[in-house]
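Student: Each chain, written out:
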Amino acid sequence: MDWMKLFRSERKNSAHVARDRLKLVVMHQREGRGAGPDWLPRLREDLLAVVRRYTEVADDAVHVRVQHDQGVDLLEMNIALPEEERGGSVSKAGST
Amino acid sequence: MTRHLLIIFGGLSALAKIIVVTSGKGGVGKTTTSASFATGLAVRGYKTAVVDFDVGLRNLDLIMGVERRVVFDFVNVIQGEATLRQALIRDKRYDNLAILAASQTRDKEALTIDGVQRVLEELAKEFDYVVCDSPAGIEHGAYAAMYFADEALVVTNPEVSSVRDSDRVLGLLSSKTRKAEQGEGTVREHLVLTRYNPARVAKGEMLSVDDVTDILAIPLLGIIPESQAVLNSSNQGVPVVADTETDAGSAYADMVARFLGEERAHRFVEVEKKGFLGRLFGT
Ligand SMILES: Nc1ncnc2c1ncn2[C@@H]1O[C@H](COP(=O)(O)OP(=O)(O)OP(=O)(O)O)[C@@H](O)[C@H]1O
Ligand SMILES: [Mg+2]
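Sequences listed follow chains A and B, in order. By numbering that gives the first Met the number 0, the letter at position 27 of the first sequence is numbered 26, and the numbering carries on one by one without gaps. By numbering that gives the first Met the number 0, the letter at position 67 of the second sequence is numbered 66, and the numbering carries on one by one without gaps.
Chain A extracted, bound-state conformation (with noise of 0.2 Å):
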């Protein structure tokens, strides 16, 4: 892979890896926010736990959230896998 193209569209494209940064960053926030029951910060928890033994994901790799659409509840999880497992096209959240 030439290196130099990879550097060239890090510096053009700061603003999209801020985008996906913070894409990430609110929808964590929102977690705690909606109404959902009790039980969901345990069940990420859990979640993240069972990803672990399988991959290092961040803290921050597990989200849930239940939505109401239409009449019908949904379990929504979503699971940002480390850089490697993507094929390294994705920039992912930071990991602090």
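No lab work stands behind these hints: they were computed from the structure. The beta-carbon is built from N, C-alpha and C at its ideal position, and this holds for glycine as well. Heads up, a few of these hints could be off.
Unchecked claim - Cβ-Cβ distance ranges computed for the label pairs, FRET-style:
{"no.": "1", "chain 1": "B", "residue 1": "Gly182", "chain 2": "A", "residue 2": "Gln28", "range": "21 to 27 Å"}
{"no.": "2", "chain 1": "B", "residue 1": "Glu138", "chain 2": "A", "residue 2": "Asn77", "range": "29 to 35 Å"}
{"no.": "3", "chain 1": "A", "residue 1": "Leu39", "chain 2": "B", "residue 2": "Gly184", "range": "48 to 54 Å"}
{"no.": "4", "chain 1": "A", "residue 1": "Gln28", "chain 2": "B", "residue 2": "Asp106", "range": "27 to 33 Å"}
{"no.": "5", "chain 1": "A", "residue 1": "Met76", "chain 2": "B", "residue 2": "Gly260", "range": "39 to 45 Å"}
{"no.": "6", "chain 1": "A", "residue 1": "Arg32", "chain 2": "B", "residue 2": "Arg263", "range": "40 to 46 Å"}
{"no.": "7", "chain 1": "A", "residue 1": "Lys22", "chain 2": "B", "residue 2": "Gly236", "range": "36 to 42 Å"}
{"no.": "8", "chain 1": "B", "residue 1": "Lys91", "chain 2": "A", "residue 2": "Ser13", "range": "45 to 51 Å"}
{"no.": "9", "chain 1": "A", "residue 1": "Lys22", "chain 2": "B", "residue 2": "Gly79", "range": "45 to 51 Å"}
Fit chain B with the ligands to the supplied structure of chain A, relying on the hints for placement.
Tutor: Below, chain B with the ligands without anything else, positioned relative to chain A:
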């Protein structure tokens, strides 16, 4: 809070709309926006009061150019040391406009919710709009500023920490306000994107309007460009909206028009449009 007080307030609040200008993050343009928004409403004929909630760090009086006329302040009124009539500063340039300054010497805890309620109730009798300039942060001062709001201007810069903080504030608006607590519906939220630089957006160096509206998912009320006119006007103590020949001034005037229900296309989204005014006004 007793039910009794809330019923009284509920009756009066119908008279005036209370709008909080808030952001979470500091220095993003809340006071600049409060000053221009309130002045813009007054220019359009609405009786408007703008209240500084930033106790200890008052600045609205300077931006409005009335700093030498502050005798009594918001906290004096809450604590019964002055009447609202004594503390309200009537703007000399705009008949419909009045300013209530924050106290410079007290701490933010002086803004008790009951006290704020009494002052807002009284303002609601005379004014059509009460604009509350929130302090930064999500502590007591910001809470007091948003608690009685009917609508909120969420001031955001196209920058990661500001957008994240705005999202935090949206969470508070939907849970920590009187409307939310009493189940009286929701605070109507508006996004005000300030210090926008279309040239940097075009280069991929700055979050775009679409990025921010996509993430925050609230309606966009206005885009205020990064502009030298803001500094010029604050130097003189004249809200930037007073000069609609400037880019930021006209952006604020458009924002007020949209708030009042008029259709105005968003400007300053693209480089060439800014370039046009930029050439005229040297931005
Ligand atoms: N559109 C703009 N273009 C250029 N400078 C701006 C713009 N808006 C605000 N500023 C500048 O940014 C600084 C902060 O603005 P302002 O005081 O309105 O922010 P604030 O959110 O009220 O801050 P605080 O959180 O401290 O109360 C000021 O120096 C102001 O002149
Ligand atoms: Mg301020």
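Student: Kindly confirm whether 39 to 45 Å is satisfied by the beta carbon distance between Met76(A) and Gly260(B).
Tutor: 41 Å, holds
Student: Between Glu138(B) and Asn77(A), is the Cβ distance one that fits in 29 to 35 Å?
Tutor: 31 Å, holds
Student: Quick one: are Lys91(B) and Ser13(A) within 45 to 51 Å, going by C-beta?
Tutor: Roughly 46 Å apart at Cβ, these two residues keep to the hinted range, so it holds.
Student: Using the Cβ atoms, figure out if Lys22(A) sits within 45 to 51 Å of Gly79(B).
Tutor: 49 Å, holds
Student: Starting from the range 48 to 54 Å, see whether the pair Leu39(A) and Gly184(B) falls in it by beta-carbon distance.
Tutor: 25 Å, violated
Student: Taking the Cβ atom of Gly182(B) and the Cβ atom of Gln28(A), is their distance within the range 21 to 27 Å?
Tutor: 24 Å, holds
Student: Measuring from beta carbon to beta carbon, are Lys22(A) and Gly236(B) in 36 to 42 Å?
Tutor: With a Cβ separation near 40 Å, Lys22(A) and Gly236(B) satisfy 36 to 42 Å, so the hint holds.
Student: Between Gln28(A) and Asp106(B), does the C-beta distance stay in 27 to 33 Å?
Tutor: 28 Å, holds
Student: Lying within 40 to 46 Å: is that true of the beta-carbon distance Arg32(A) to Arg263(B)?
Tutor: 32 Å, violated
Taken one by one, the earlier hints fail for this structure at numbers 3, 6, listed in ascending order.
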